[in-house]
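Chemist: The lines below spell out each chain.
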Amino acid sequence: MFVIDCPWCGERDMSEFSCGGEAHIARPEGSEQMNDEEWAQFVFIRKNSKGRYAERWNHAAGCRRWFNLLRNTATDQILAVYKMGDAEPNVSTEEPVTPSGEAPIGSGNDAVKLMKPGEAL
Amino acid sequence: MSSKYNVFNLIRQGLQGHTGWQAQWREPELKSTYDAVIIGGGAHGLATAYYLAKNHGMTNIAVLEKGWIGGGNSGRNTTIIRSNYLYDASAAIYNHALKLWTTLGRDLNYNIMMSHRGVLNLAHDEGEARTLKRRVEANRLNGVDSEWLDAKQVKEFCPPISIDEDMRYPVIGGTLQRSGGVNRHDAVVWGLARAADALGVDIIQQCEVTSIRTDAGEVTGLETTKGSVKTPKIGSVAAGHSTIIADMVDVPLPIESHPLQALVSEPLKPLIPCVVMSNAVHVYVSQSDKGELVIGAGIDPYVSYTQRGSFDIIEHQMASLMELFPIFSRLRMMRQWGGIVDVSPDASPIISKTKVKGFYINAGWGTGGWKATPGSGHVFADLVANDTPNAIAAPFSLERFVTGDLVAEHGAAAVAH
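One line per chain: the protein sequences are A and B, in this order.
So that you can map any letter, position 116 of the first sequence is 126 in my numbering, and since no number is skipped, the others follow by simple counting.
So that you can map any letter, position 271 of the second sequence is 282 in my numbering, and since no number is skipped, the others follow by simple counting.
These are computed hints drawn from the structure, not numbers from a lab.
Be careful, since some hints might not be right.
[Said to hold, decoys possible] Listed below are the simulated DSBU-like cross-link pairs for lysine-lysine, each with C-alpha atoms no more than 35 Å apart in a straight line:
| hint | chain 1 | residue 1 | chain 2 | residue 2 |
| --- | --- | --- | --- | --- |
| 1 | B | Lys-144 | A | Lys-57 |
| 2 | A | Lys-57 | B | Lys-163 |
| 3 | B | Lys-163 | B | Lys-364 |
| 4 | B | Lys-42 | B | Lys-364 |
| 5 | B | Lys-144 | B | Lys-163 |
| 6 | B | Lys-237 | A | Lys-57 |
| 7 | B | Lys-301 | A | Lys-57 |
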């Protein structure tokens with residue numbers, strides 16, 4: 011659970027929002043020319059990154075407006091909130107050291123700690 | 012493997028003060044070459060390795076696990092077993108698994124505490140009742156045992172359920188799969204590990220795969236935190252981390268990873284005789300052999316790899332439990348946890364070859380992978396060994412997202428994903 015800083019309403023509990031999935035997926039131009047593979051890419055394939063991830067949220071129980079949110083999916087730390095149509099801001103975050111590694115703080119995974127606190131990043 | 016488990020051995024060990032028991036599996040060093048490597052030491056990965064060794068004679072193989080075996084979703088599910096899916100393809104694979112479950116304990120010489128206590132799926136309105144009745148008929152055509160119960164019969168089969176007509180979502184009936192039930196997740200993991208190890212499979216724990224080597228579109232080996240390995244075949248059974256493994260060979264996946272939470276109550280005397288699932292009220296509950304209620308519901312709505320989940324989801328789950336079972340109003344909850352589930356767009360798994368020769372993927376089980384464990388391992392082992400999917404696995408290829416031949420089990424899978 012996290013608190014989301016709605017660009018219009020300020021900080022609110024996550025339960026007021028609904029998640030709209032990965033951001034910045036534009037409907038391809040010239041879609042009448044597209045083959046099945048390209049459609050599959052657009053409709054189904056998702057980045058699903060562990061680490062930095064841009065997604066859309068809607069303040070469903072508030073102002074009901076959409077916005078983008080940049081979050082670290084390995085820790086759920088929110089890195090930036092920005093408006094629809096804006097480019098992804100260049101905010102750095104602590105990415106997992108190994109591809110499937112767990113961050114020292116915030117991963118919620120106490121069973122598999124591959125990265126120990128204080129370890130060099 | 013340590014000696015066979017039976018009553019004579021138990022007595023003999025008892026007389027020796029239980030000093031002679033051996034470890035259930037070895038802790039081997041990672042070798043530099045294997046005939047195949049399975050990534051992921053959960054129940055599906057271990058089942059794959061077990062069937063590869065047992066049915067396909069591939070004993071020079073390894074299971075690599077980044078944490079410890081069974082520490083991921085295998086240790087975080089609600090152990091519900093059923094096969095009452097709507098479509099032929101799903102019924103085939105889940106029923107295949109159900110048949111394997113019934114004898115798995117004996118096959119592994121390990122008590123997996125399989126209990127076929129029945130699974131109830133409740134209907135709360137006319138539309139839902141019609142859908143469930145249709146599913147009963149579809150199930151019967153596919154040889155899956157399934158029957159319709161009206162509200163009174165539901166109450167008789169599971170007395171603690173409230174069928175009060177004044178409820179916001181009154182129970183008007185339900186389907187029952189008597190062969191469904193629950194089992195013990197740790198025992199399944201340990202039993203599979205012990206049996207696979209006995210056949211020569213190396214189970215390497217605390218060993219994370221960091222990259223996969225390919226040459227001209229073929230798998231040649233992989234790098235791990237414990238060294239590098241040469242192998243012509245890799246089976247990825249990494250659940251929530253499937254995308255991360257597939258990204259290493261540039262195979263795009265239609266998967267999103269979400270936290271799924273479950274929780275258990277304080278122990279009670281035997282009370283709920285079966286598994287109860289409700290789609291509309293949205294909770295599922297069964298009682299463990301220790302007496303705890305094991306409760307689950309839906310996924311958190313956002314992509315995340317944090318094994319936690321959010322509080323409002325649990326709040327909703329508890330409200331649903333109260334609705335169905337008002338007698339639990341003063342019950343206290345003991346533990347809550349989250350696992351990372353790999354959700355596919357059509358709520359069906361992906362058991363498939365990929366464009367990279369020698370790289371096979373078994374993923375997308377989402378919120379319902381546990382029930383499929385032996386079936387999943389069985390057909391995936393077949394795919395890895397023969398390089399061609401068998402009739403059960405074929406509908407679950409990655410290709411279906413291009414051709415559009417989806418196995419769309421979303422509403423049909425009894426609990427909304």
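Chemist: So if I understand the rule, the pair passes when the alpha-carbon distance is 35 Å or less; does Lys-42 (chain B) with Lys-364 (chain B) pass?
Modeler: Within the cut-off at roughly 25 Å; holds.
Chemist: Please work out if Lys-301 (chain B) and Lys-57 (chain A) have their alpha carbons no farther apart than 35 Å.
Modeler: violated, 41 Å
Chemist: With a cut-off of 35 Å on the C-alpha distance, tell me whether Lys-144 (chain B) and Lys-163 (chain B) pass.
Modeler: holds, 16 Å
Chemist: Take a quick look at whether Lys-237 (chain B) and Lys-57 (chain A) sit within 35 Å of each other, Cα to Cα.
Modeler: holds, 28 Å
Chemist: Would the hint linking Lys-57 (chain A) and Lys-163 (chain B) be met if the CA-CA limit is 35 Å?
Modeler: The hint is violated at about 48 Å.
Chemist: For the pair supplied as a hint, Lys-144 (chain B) and Lys-57 (chain A), is the alpha-carbon distance within the 35 Å limit?
Modeler: violated, 38 Å
Chemist: Has the given pair, Lys-163 (chain B) with Lys-364 (chain B), been kept, meaning a C-alpha gap of at most 35 Å?
Modeler: violated, 48 Å
Hint compliance for this structure: hints 1, 2, 3 and 7 are not met, and every other hint is.
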